[in-house]
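S.K.: Between the sequences and the hints, there should be enough to build the whole structure, so can you do that?
In order, the protein sequences belong to chains A and B.
No gaps in the numbering here: position 88 of the first sequence is 88 in my numbering, and each next residue is one more.
No gaps in the numbering here: position 193 of the second sequence is 193 in my numbering, and each next residue is one more.
Hints were generated in silico from the structure; no laboratory data involved.
Keep in mind the model is a prediction, meaning the values are calculated, not measured.
DSS-like, lysine-lysine: derived pairs with alpha carbons at most 30 Å apart: (1) Lys116/A - Lys90/B; (2) Lys6/A - Lys30/A; (3) Lys87/A - Lys7/A; (4) Lys7/A - Lys45/A; (5) Lys77/B - Lys87/B; (6) Lys30/B - Lys116/A; (7) Lys7/A - Lys33/A; (8) Lys33/B - Lys45/B; (9) Lys116/B - Lys30/A; (10) Lys87/B - Lys116/A; (11) Lys116/B - Lys90/A; (12) Lys244/A - Lys223/A; (13) Lys77/B - Lys113/A; (14) Lys7/A - Lys77/A; (15) Lys244/B - Lys212/B; (16) Lys87/A - Lys6/A; (17) Lys77/B - Lys116/A; (18) Lys45/A - Lys212/A; (19) Lys244/A - Lys116/B; (20) Lys7/A - Lys116/B; (21) Lys6/B - Lys116/A; (22) Lys116/A - Lys7/B; (23) Lys30/A - Lys87/A; (24) Lys223/B - Lys116/B; (25) Lys33/A - Lys90/A; (26) Lys29/A - Lys90/A; (27) Lys45/A - Lys87/A; (28) Lys116/A - Lys244/B; (29) Lys33/A - Lys244/A; (30) Lys116/B - Lys77/A; (31) Lys30/A - Lys45/A; (32) Lys77/A - Lys113/B; (33) Lys77/A - Lys90/A; (34) Lys212/A - Lys113/A; (35) Lys90/A - Lys45/A; (36) Lys33/B - Lys7/B; (37) Lys116/B - Lys87/A; (38) Lys6/A - Lys116/B; (39) Lys29/A - Lys87/A.
Single-letter residue listing:
Protein chains: 2
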Amino acid sequence: MGVFEKKSCFVITGASRGLGRSIAINFAKKARKESVMILLSRDTKALNEVETEIRSCCQDVSVVVCGFDQGDLDERKFQNIFENIFKENKLSIDSFEQAVIVHNAGTLGDNSKYVKDLVNVSELNTHFGVNLTGNILLNSACLNFFTQERFAHRYVINISSLTAIRAFKSFSLYCTVKAARDMFYKVMAEEEPNIRVLNYAPGPCKTDMQIKCRENTSDPEVKQMFESMHNEGNVLECDTSIQKLVQVLETDTFVSGAHIDYYDL
Amino acid sequence: MGVFEKKSCFVITGASRGLGRSIAINFAKKARKESVMILLSRDTKALNEVETEIRSCCQDVSVVVCGFDQGDLDERKFQNIFENIFKENKLSIDSFEQAVIVHNAGTLGDNSKYVKDLVNVSELNTHFGVNLTGNILLNSACLNFFTQERFAHRYVINISSLTAIRAFKSFSLYCTVKAARDMFYKVMAEEEPNIRVLNYAPGPCKTDMQIKCRENTSDPEVKQMFESMHNEGNVLECDTSIQKLVQVLETDTFVSGAHIDYYDL
Chain A
1 MGVFEKKSCF
11 VITGASRGLG
21 RSIAINFAKK
31 ARKESVMILL
41 SRDTKALNEV
51 ETEIRSCCQD
61 VSVVVCGFDQ
71 GDLDERKFQN
81 IFENIFKENK
91 LSIDSFEQAV
101 IVHNAGTLGD
111 NSKYVKDLVN
121 VSELNTHFGV
131 NLTGNILLNS
141 ACLNFFTQER
151 FAHRYVINIS
161 SLTAIRAFKS
171 FSLYCTVKAA
181 RDMFYKVMAE
191 EEPNIRVLNY
201 APGPCKTDMQ
211 IKCRENTSDP
221 EVKQMFESMH
231 NEGNVLECDT
241 SIQKLVQVLE
251 TDTFVSGAHI
261 DYYDL
Chain B
1 MGVFEKKSCF
11 VITGASRGLG
21 RSIAINFAKK
31 ARKESVMILL
41 SRDTKALNEV
51 ETEIRSCCQD
61 VSVVVCGFDQ
71 GDLDERKFQN
81 IFENIFKENK
91 LSIDSFEQAV
101 IVHNAGTLGD
111 NSKYVKDLVN
121 VSELNTHFGV
131 NLTGNILLNS
141 ACLNFFTQER
151 FAHRYVINIS
161 SLTAIRAFKS
171 FSLYCTVKAA
181 RDMFYKVMAE
191 EEPNIRVLNY
201 APGPCKTDMQ
211 IKCRENTSDP
221 EVKQMFESMH
231 NEGNVLECDT
241 SIQKLVQVLE
251 TDTFVSGAHI
261 DYYDL
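M.R.: Structure, rendered in structure tokens:
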């Protein structure tokens, strides 16, 4: 039975825009009735718009939105986040067969800087805080709430990038975090054979981050690469990439912990 | 002309024991006369012993030891570290042809924990602080002091690990940081074509960290693997591995930014 045929609890971070928004909407369209979409983001206003959009097209699923900043490293905010969401929204944990977590939230880091320009402690701490520490804490909160005892089927999808495996000048902060997270989820795949773990690299998509990649990079060669990609129409619609992710999950033959790129498929 | 034939300034972090100590001593033995070994570590007492050892065997090189905690993220401590060392030790920057930086300092992280057990903010912040933020800050300090204008020849060696490319249960913190650092130095290799950058994985060596790997892991399979390696005599002497690193540097044909393992050679 495919991923989207089970009554599921979806958790999607960074769901207010770009890829996260596309994941929320495309997954909701595919989701079995009575599934719930739990959407997290700092931007609650934009999150409410995503909620409205899902409610208008997918009456059979419920939507819960939650203002959440993965970079606000207050342990208590992570600890009981899902207990609280379930309680406040009168959700019953026993009513779901499956949990699908999508770690999409993340930041680019300052790509106007080369490695040698990285001299600011708070900039580095903030970057690793939101992209590593915060992500790991949220993941632990997921694993400890959506336990194997409660959820026979679990998926954890890390939104990865080509930059996890290929170095780009002026992208040291982004590359470093993406490589780190791929490895983190590879270790989790080894530790948790009952969780299906996927590192999905969506390809270059039309997002605010893609604009920053192109406009802010300090490196002329890399700028040229991003501009050519843009000018030649090779930047993907988010939905195009996410529909391929949906296919990967439906086919469900990937090796747990693998890095799979849009262009591999 | 080989790496060790130039009058060099060597900087080695974590030089008080284990691999760092072995790097310091083996490099000093190879170093051209009038080179200087700048040895950093939190443990100044052990560092002084390494200094004594080098002075007794290598009268032609000078040794500077410096108490330094890469995890103490005070920007000012990183900013002028090499200016201060040069001033305090009356070293003249013009007298060196080459700088060789070895980023060896690092911590294992708590390998009694699985991914799902990582719920403590300060533990994660400390781990990423010393192994990523602190390492990046020290590296920037190196690049901004040992500039291309002053040093025609520069090498940066990141002490990597098999765990940078292979996932081991209960080693998520270590694997994540090692993968992150490999990628960081790959980006640097792209950005800095005039620096020779190497990610060297030394293999399992007889260090305090190796004991922790074996004794503290929460995972029975991984424990068994480390114990077999230990019992069958497959844990290397630090010097054995570092002599191979010396060879790699002497041959000097590696692709800048490459990950090279002891067992690849």
